[in-house]
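Here is how the chains run, residue by residue.
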Amino acid sequence: MEFTAQQISDLINGKVEGNPEVTISYVSKIEEGKPGTISFLSNPLYTHYIYNTKASIVLINNDVELEKAVKPTLIRVENAYSAFAEILEAYNQIKLNKSGISPSAFIDPEARIGENVYIGEFAVISKNAVIENNAKIYPQVFLGENVRIGTNTTLFAGVKIYSDNIVGGDCIIHSGAVIGSDGFGFAPLKNGSYKKIAQIGNVVIEDFVEIGANTTIDRATMGSTFIRKGVRLDNLIQIAHNVDLGENTVISAQTGISGSTKIGKNCLIGGQVGIINQLTIADEVKIAAQSGVGKNITKKGEIVQGSPAFNFISYKKSYVHFRNFHAIKSKIDELEKMIKSNG
Amino acid sequence: MEFTAQQISDLINGKVEGNPEVTISYVSKIEEGKPGTISFLSNPLYTHYIYNTKASIVLINNDVELEKAVKPTLIRVENAYSAFAEILEAYNQIKLNKSGISPSAFIDPEARIGENVYIGEFAVISKNAVIENNAKIYPQVFLGENVRIGTNTTLFAGVKIYSDNIVGGDCIIHSGAVIGSDGFGFAPLKNGSYKKIAQIGNVVIEDFVEIGANTTIDRATMGSTFIRKGVRLDNLIQIAHNVDLGENTVISAQTGISGSTKIGKNCLIGGQVGIINQLTIADEVKIAAQSGVGKNITKKGEIVQGSPAFNFISYKKSYVHFRNFHAIKSKIDELEKMIKSNG
Amino acid sequence: MEFTAQQISDLINGKVEGNPEVTISYVSKIEEGKPGTISFLSNPLYTHYIYNTKASIVLINNDVELEKAVKPTLIRVENAYSAFAEILEAYNQIKLNKSGISPSAFIDPEARIGENVYIGEFAVISKNAVIENNAKIYPQVFLGENVRIGTNTTLFAGVKIYSDNIVGGDCIIHSGAVIGSDGFGFAPLKNGSYKKIAQIGNVVIEDFVEIGANTTIDRATMGSTFIRKGVRLDNLIQIAHNVDLGENTVISAQTGISGSTKIGKNCLIGGQVGIINQLTIADEVKIAAQSGVGKNITKKGEIVQGSPAFNFISYKKSYVHFRNFHAIKSKIDELEKMIKSNG
Chain X
1 MEFTAQQISD
11 LINGKVEGNP
21 EVTISYVSKI
31 EEGKPGTISF
41 LSNPLYTHYI
51 YNTKASIVLI
61 NNDVELEKAV
71 KPTLIRVENA
81 YSAFAEILEA
91 YNQIKLNKSG
101 ISPSAFIDPE
111 ARIGENVYIG
121 EFAVISKNAV
131 IENNAKIYPQ
141 VFLGENVRIG
151 TNTTLFAGVK
161 IYSDNIVGGD
171 CIIHSGAVIG
181 SDGFGFAPLK
191 NGSYKKIAQI
201 GNVVIEDFVE
211 IGANTTIDRA
221 TMGSTFIRKG
231 VRLDNLIQIA
241 HNVDLGENTV
251 ISAQTGISGS
261 TKIGKNCLIG
271 GQVGIINQLT
281 IADEVKIAAQ
291 SGVGKNITKK
301 GEIVQGSPAF
311 NFISYKKSYV
321 HFRNFHAIKS
331 KIDELEKMIK
341 SNG
Chain H
344 MEFTAQQISD
354 LINGKVEGNP
364 EVTISYVSKI
374 EEGKPGTISF
384 LSNPLYTHYI
394 YNTKASIVLI
404 NNDVELEKAV
414 KPTLIRVENA
424 YSAFAEILEA
434 YNQIKLNKSG
444 ISPSAFIDPE
454 ARIGENVYIG
464 EFAVISKNAV
474 IENNAKIYPQ
484 VFLGENVRIG
494 TNTTLFAGVK
504 IYSDNIVGGD
514 CIIHSGAVIG
524 SDGFGFAPLK
534 NGSYKKIAQI
544 GNVVIEDFVE
554 IGANTTIDRA
564 TMGSTFIRKG
574 VRLDNLIQIA
584 HNVDLGENTV
594 ISAQTGISGS
604 TKIGKNCLIG
614 GQVGIINQLT
624 IADEVKIAAQ
634 SGVGKNITKK
644 GEIVQGSPAF
654 NFISYKKSYV
664 HFRNFHAIKS
674 KIDELEKMIK
684 SNG
Chain L
687 MEFTAQQISD
697 LINGKVEGNP
707 EVTISYVSKI
717 EEGKPGTISF
727 LSNPLYTHYI
737 YNTKASIVLI
747 NNDVELEKAV
757 KPTLIRVENA
767 YSAFAEILEA
777 YNQIKLNKSG
787 ISPSAFIDPE
797 ARIGENVYIG
807 EFAVISKNAV
817 IENNAKIYPQ
827 VFLGENVRIG
837 TNTTLFAGVK
847 IYSDNIVGGD
857 CIIHSGAVIG
867 SDGFGFAPLK
877 NGSYKKIAQI
887 GNVVIEDFVE
897 IGANTTIDRA
907 TMGSTFIRKG
917 VRLDNLIQIA
927 HNVDLGENTV
937 ISAQTGISGS
947 TKIGKNCLIG
957 GQVGIINQLT
967 IADEVKIAAQ
977 SGVGKNITKK
987 GEIVQGSPAF
997 NFISYKKSYV
1007 HFRNFHAIKS
1017 KIDELEKMIK
1027 SNG
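Protein chains in written order, with this note's numbering: chain X, 1 to 343; chain H, 344 to 686; chain L, 687 to 1029.
I should point out that these hints are in silico values taken from the structure, not numbers from a laboratory.
Hints may contain errors.
What the hints assert, rightly or not - As a list, the in silico BS3-like pairs of lysine-lysine whose alpha-carbon atoms are at most 27 Å apart:
| id | chain 1 | residue 1 | chain 2 | residue 2 |
| --- | --- | --- | --- | --- |
| 1 | L | Lys981 | H | Lys605 |
| 2 | X | Lys329 | X | Lys340 |
| 3 | X | Lys337 | L | Lys985 |
| 4 | X | Lys316 | H | Lys659 |
| 5 | L | Lys1026 | H | Lys683 |
| 6 | L | Lys720 | H | Lys680 |
| 7 | H | Lys538 | X | Lys286 |
| 8 | L | Lys1015 | X | Lys317 |
| 9 | L | Lys784 | L | Lys754 |
| 10 | X | Lys337 | H | Lys672 |
| 11 | L | Lys972 | H | Lys674 |
| 12 | L | Lys882 | X | Lys29 |
| 13 | H | Lys660 | H | Lys643 |
| 14 | X | Lys316 | H | Lys372 |
| 15 | X | Lys95 | L | Lys951 |
| 16 | X | Lys329 | X | Lys317 |
| 17 | L | Lys1002 | L | Lys986 |
| 18 | H | Lys659 | H | Lys643 |
| 19 | X | Lys317 | H | Lys680 |
| 20 | L | Lys1026 | H | Lys605 |
| 21 | H | Lys642 | X | Lys340 |
| 22 | X | Lys190 | H | Lys659 |
| 23 | H | Lys672 | L | Lys701 |
| 24 | H | Lys674 | X | Lys229 |
| 25 | X | Lys317 | H | Lys605 |
| 26 | L | Lys1003 | L | Lys986 |
| 27 | X | Lys317 | L | Lys985 |
| 28 | L | Lys981 | H | Lys683 |
| 29 | H | Lys680 | X | Lys329 |
| 30 | L | Lys813 | X | Lys331 |
| 31 | L | Lys972 | X | Lys316 |
| 32 | H | Lys638 | L | Lys1003 |
| 33 | H | Lys397 | X | Lys262 |
| 34 | L | Lys813 | X | Lys316 |
| 35 | X | Lys196 | H | Lys414 |
| 36 | L | Lys1023 | X | Lys98 |
| 37 | X | Lys331 | H | Lys659 |
| 38 | L | Lys720 | H | Lys470 |
| 39 | L | Lys882 | H | Lys538 |
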């Protein structure tokens, strides 16, 4: 897609300096700018790049004074950085704005499809599934019976949602994510084998949630696994049965939350963290990457690290000594000798 | 689906007290009971809930004596908890009891399909694949050439099984699991690059195995990777080439087992554990979450923790001191001063 | 498939001793040899097995002198081990040599398909996608708009590649891998929620790369995430936005690399490693399994371990003391008593 400087300027309420007919189709960093791209200047330390950049258009703050003429067309705005972010988003919305229902998708006659919905090739929409207006279901997605997908939600290629699970509006679920697989529940039998416990609950994903590629969220044994409004999950995360993730909590890749654990609101959980089952974690807690949480965290805003995890400042102090442990041990041996020779 | 109290009572050999025509379609916990749901009372501490619950039906032990009248229809049984589990299972079996072969599935003319098999939309069954009676192959599953799927086995939507791999009877494999991808084997070349070693073995999954969503099991370089009878694997687990997992071993999410390692029977392995290649782990070993196992475990029933892992009691003792390391170091410094002033 | 001893001998320039018409269809280890299989003898310690093996054909070095007659047909070669590897590879190439385009695949009229390409059932090839000669696209693969797949590259069943991503030649991508999902980027808002930052970059995978099952590689926020020539990624790995992985670097399963980190050439990274964002790791660095890397590694060939990671020899020394921490603490207590009684 090509856009002129004038079109872009109109979008962000800017003012064009230079040729308004110049066109771009990609974006670039100002220090790597190429013809046909748009860039932006926000950091004052990068100002010198504007005299040499090959970008065709540069967004620039109203208050920047230039010392000499520049080649690119400039678009003056109040805040070049946020204007650039606006442009990226508009670009992405155009690019991802798909609609229409592929004739090769399978849609059960008893499914209910809203208006302006996109359904891609070889998607499967089972009986009694409901897809609200403007949702985008990419190719090869599977929606089991009674699944509901909210307004404006996007499911990328190959997402699998088992029967009875519910996804809110304005959500994004990335390829390979699995929603509503069975919780991991088994009762030990006397002969050493295990009997599967039927998993008949579901998963409820509220509005404005994003779920990364190949992340798995198990259905509840009974009741629901909850992913609350605004939660952001990275790739390859495991959420076990009956977990409850609080609003706006953000979790990095490859972290695992065990069964029935309840996480508060606005928590920040690093990558490769493990949290055991049946715990309660307070609001605004931060957990460092690779930590293992083995007990409740009751203090709002607590920051923990380690496996098992404890207060992160204490952890860092302990770890400094761990790194020097060989020297510390030598010192102890030396003290022992001194004492014995004194004694 | 709706069921009457009488129908449920007949299923579990109970005795109805109250209206036998009352119907339910969902289950609930007694403390959260809603009209149209069935619940159970097993824990004596919860007995008071029965006087207020809105559940339409409650399972209750024969020997519980009530102090006043209750609203729900009761079903009296010997053991309310296990009767409830029976009902869940029966419910699930009805719900998951699919059959029929979708006209949009691709089935190679040289594949062999048993009786009463379900094959969903856009599944691919390649040449010489064999699917035994009562197996359920959900939409978008891929079975490569010569794959065999045993009786009563369920493969949920999007499972991918490469050619030549074998799955036993009564198994469940969840969405996104990949069975039989190439082992990770490369021979270093003089120029710093690597040459792929052909991976021509397969994976053999025995009967009564459950495999979680997005778990990956690599084929053997030569011979077979074995998942023995009754093994239970959670989500996002990595099983490398030529691993042999013993009967009834249970592994939690995000654990990885490296190439050619042999795990005993009835082991319990926590989440996010790593086990290096070529090891042998004895029967009934327990490995704490996030541990890293770097050498053989020869003692049956051993319990280990840490990275690298050692005996879990020793680990816990060491970790207590690690947490207090700052105080311990201060003590050492103090002792040093005392000695020097004494000296 | 069946092959005669003579056919195999011709393939590897060997010399047949015994019946050249004997046929095999599988391979075996010499100690487990079965009729109808080919095996090899390379390790002198295994020489005695050749007198009892039931393998039908055995590859053997020219210089091995046998003490008595053997049952299998022998094929004499300079190096039995590498000849065997050659046979495995030839076998695999025959087995995996698929071609033809399934009528049930969806191919956009504006996609460009090279010669001798295989496209399996229910694959989706979107607008302006380009597939070069001899590429193999297995069933249920998804290629978004403008994706390019190089010559001889294989994508196994169910690989998902978002729009605009580029895969080089001679690559292998295993089932369930997701290429080009959105980077995990959010700007915090005043009300505690987050605003998604549009992710409009792509992923560039160079030639001779192998990517494991269910591995995820996020697209760049802007610019490209780079997977350089010869990189080998195992299963369930997470590569975040704007990462740059150097040539011939090898990474084991379940490792995660955070955003914008640049890894050098010929590095060896163990399983379940985490590396934080914005770092630079030198060439030929080795990182032990389960390590957490929290700062730049500038020394070529450095070997690190731990979480946070430091020099692996220092780590091992510290860990020995950690294991003995209880005894060390007792010693400190004892010294304290001695000092106080001396004092």
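Hints, one by one, checked against the model:
1. L:Lys981 / H:Lys605: violated, 36 Å
2. X:Lys329 / X:Lys340: The given pair, whose Cα atoms are some 17 Å apart, holds under the 27 Å limit.
3. X:Lys337 / L:Lys985: Not OK: Lys337 of chain X and Lys985 of chain L at ~38 Å, beyond 27 Å, violated.
4. X:Lys316 / H:Lys659: Cα-Cα ~19 Å, so holds.
5. L:Lys1026 / H:Lys683: At roughly 13 Å apart (the allowed maximum being 27 Å), Lys683 of chain H and Lys1026 of chain L satisfy the hint.
6. L:Lys720 / H:Lys680: The hint is violated at about 74 Å.
7. H:Lys538 / X:Lys286: With a Cα-Cα distance of about 43 Å, the restraint between Lys538 of chain H and Lys286 of chain X is violated, given a limit of 27 Å.
8. L:Lys1015 / X:Lys317: holds, 17 Å
9. L:Lys784 / L:Lys754: Status violated; Cα separation ~44 Å.
10. X:Lys337 / H:Lys672: holds, 18 Å
11. L:Lys972 / H:Lys674: violated, 37 Å
12. L:Lys882 / X:Lys29: Status holds; Cα separation ~20 Å.
13. H:Lys660 / H:Lys643: holds, 22 Å
14. X:Lys316 / H:Lys372: The given pair, whose Cα atoms are some 44 Å apart, is violated under the 27 Å limit.
15. X:Lys95 / L:Lys951: violated, 35 Å
16. X:Lys329 / X:Lys317: holds, 17 Å
17. L:Lys1002 / L:Lys986: The hint holds at about 20 Å.
18. H:Lys659 / H:Lys643: holds, 20 Å
19. X:Lys317 / H:Lys680: Holds - the C-alpha atoms of Lys680 of chain H and Lys317 of chain X are around 21 Å apart, at most 27 Å.
20. L:Lys1026 / H:Lys605: At roughly 53 Å apart (the allowed maximum being 27 Å), Lys605 of chain H and Lys1026 of chain L break the hint.
21. H:Lys642 / X:Lys340: Violated. Lys642 of chain H to Lys340 of chain X sits at ~40 Å, over the 27 Å cutoff.
22. X:Lys190 / H:Lys659: Status violated; Cα separation ~30 Å.
23. H:Lys672 / L:Lys701: Measuring from Cα to Cα gives roughly 71 Å; hence the hint is violated.
24. H:Lys674 / X:Lys229: Cα-Cα ~49 Å, so violated.
25. X:Lys317 / H:Lys605: violated, 39 Å
26. L:Lys1003 / L:Lys986: With Cα atoms ~22 Å apart, Lys1003 of chain L and Lys986 of chain L stay inside 27 Å; holds.
27. X:Lys317 / L:Lys985: holds, 26 Å
28. L:Lys981 / H:Lys683: This hinted pair is violated, its Cα atoms lying about 38 Å apart.
29. H:Lys680 / X:Lys329: With Cα atoms ~16 Å apart, Lys680 of chain H and Lys329 of chain X stay inside 27 Å; holds.
30. L:Lys813 / X:Lys331: violated, 69 Å
31. L:Lys972 / X:Lys316: holds, 24 Å
32. H:Lys638 / L:Lys1003: OK: Lys638 of chain H and Lys1003 of chain L at ~17 Å, within 27 Å.
33. H:Lys397 / X:Lys262: Measuring from Cα to Cα gives roughly 25 Å; hence the hint holds.
34. L:Lys813 / X:Lys316: violated, 52 Å
35. X:Lys196 / H:Lys414: violated, 33 Å
36. L:Lys1023 / X:Lys98: Violated, at roughly 77 Å.
37. X:Lys331 / H:Lys659: Given pair Lys331 of chain X, Lys659 of chain H holds - Cα atoms ~25 Å apart, limit 27 Å.
38. L:Lys720 / H:Lys470: holds, 26 Å
39. L:Lys882 / H:Lys538: Cα-Cα ~41 Å, so violated.
This entry does not satisfy hints 1, 3, 6, 7, 9, 11, 14, 15, 20, 21, 22, 23, 24, 25, 28, 30, 34, 35, 36 and 39, going by the numbered hints stated previously.
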